[in-house]
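From just these sequences and the hints, can you work out the full model?
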Amino acid sequence: MEIQIAHYLVVAGILFAVGLTGVVVRRNAIVILMCLELMLNAANLALVAFSRVHRDMQGQVFVFFAITVAAAEAAVMLAIIIAVYRQRQTVNVDEMDLMQG
Amino acid sequence: MEPILAAAGAGHAVAFYAMAALAVASAVLMMTQRNPVACVLWLVVCFVGLAGLFVTLEAYFLAVIQVLVYAGAIMVLFLFVIMLLNLRPEDLKAVALPRIPLVGVVAALLLLAAVVTVISASRPYFGMSVAGILAEVGPTKDSVRDIGLPLFRDWLLPFEATSILLLAAIVGAVALTKRKV
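In the order they appear, the protein sequences are chains A and B. The working numbering applies: residue 9 is where the first sequence begins, and numbers increase by one. The working numbering applies: residue -3 is where the second sequence begins, and numbers increase by one.
Just so you know, these hints were derived from the structure itself, not from any lab. Where a beta carbon is used, it is the ideal one built from N, C-alpha and C, also for glycine. Any given hint could turn out to be false.
Cβ-to-Cβ under 10 angstroms is the rule here; a few derived chain B residues that face chain A [claimed, not checked]:
(1) V20
(2) T28
(3) F43
(4) L49
(5) T52
(6) A109
(7) Y121
(8) P146
(9) W151
(10) P154
(11) F155
(12) T158
(13) R175
A partial selection of chain A residues facing chain B, derived with a Cβ cut-off under 10 angstroms [stated by the list, open to error]:
(14) Q12
(15) G27
(16) A54
(17) F72
(18) D105
Below, the structure written as structure tokens:
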């Protein structure tokens, strides 16, 4: 069977859903951050697929920027997790309830 | 340089299904693993699968970046932090079911509606065969050149702004983790 763009979109959708489920279900802040990275990558896959459909490299340039921003975001988020761990000796998000969220 | 997958129909399909299965299976394993180190390693496998999917789309440069930057650098950063924190065993009991099932069901239904809306909005492109498009455009001769020209011609200012963003992230990360500010 011939591979169509919808195949790539379905894979991107599944990966995004898995990442979102992880963000909702997991309690370890580091694992939640990893699931966020997975969601970003699912979006990247859809962008590259559409970039190929439109025969336009701008989509890939956008993915390049998304990867760069994801790297910066991961560094800052991990720094925040370390700072929180210093304060409260935990990375469990259920115990970070200072704002009663 | 010869393209790895020169828009060959059957080979393209096999590569797609193999890489998609690898990415999805390792993503599910990543989400369900209890030990965060195992999560990181499965996520690395997932990113390798995604890089393979980029190759099937002839986005060679991004496939390399995906492995070098994501699977290499960012995931090692995660591993460093996990080992730095030296988590107690009780912190590893991390998988939990949502305690309010109704809210979860409503959220899942809303998400499903959103996903169906987005995917059906791209219906005009559904029938487009990737292999056909690749054959029509022709094999990519120089993937780095193709992505470099728009990057440094049309998107030079955002590119330079990204360097400032990365500098801000570095300074911010150091400032956040300093013991005494």
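Tested hints:
1. V20: holds, 5 angstroms
2. T28: OK, holds: T28 of chain B within 10 angstroms of chain A, min 9 angstroms.
3. F43: Result: holds, 7 angstroms to nearest chain A Cβ.
4. L49: With a minimum Cβ separation of about 6 angstroms from chain A (threshold 10 angstroms), the hint on L49 of chain B holds.
5. T52: Nearest chain A Cβ about 8 angstroms off; hint holds.
6. A109: This interface hint is violated because 13 angstroms lies over the 10 angstroms limit.
7. Y121: Constraint on Y121 of chain B satisfied, holds at 5 angstroms.
8. P146: holds, 5 angstroms
9. W151: Because about 6 angstroms separates W151 of chain B from the closest Cβ in chain A, which is inside the 10 angstroms limit, the hint holds.
10. P154: holds, 7 angstroms
11. F155: Holds: closest Cβ of chain A sits about 8 angstroms from F155 of chain B, inside 10 angstroms.
12. T158: holds, 5 angstroms
13. R175: This interface hint holds because 8 angstroms falls under the 10 angstroms limit.
14. Q12: holds, 6 angstroms
15. G27: holds, 7 angstroms
16. A54: With a closest approach of 9 angstroms, the A54 of chain A hint holds.
17. F72: holds, 7 angstroms
18. D105: violated, 14 angstroms
Taken one by one, the earlier hints fail for this structure at numbers 6 and 18, listed in ascending order.
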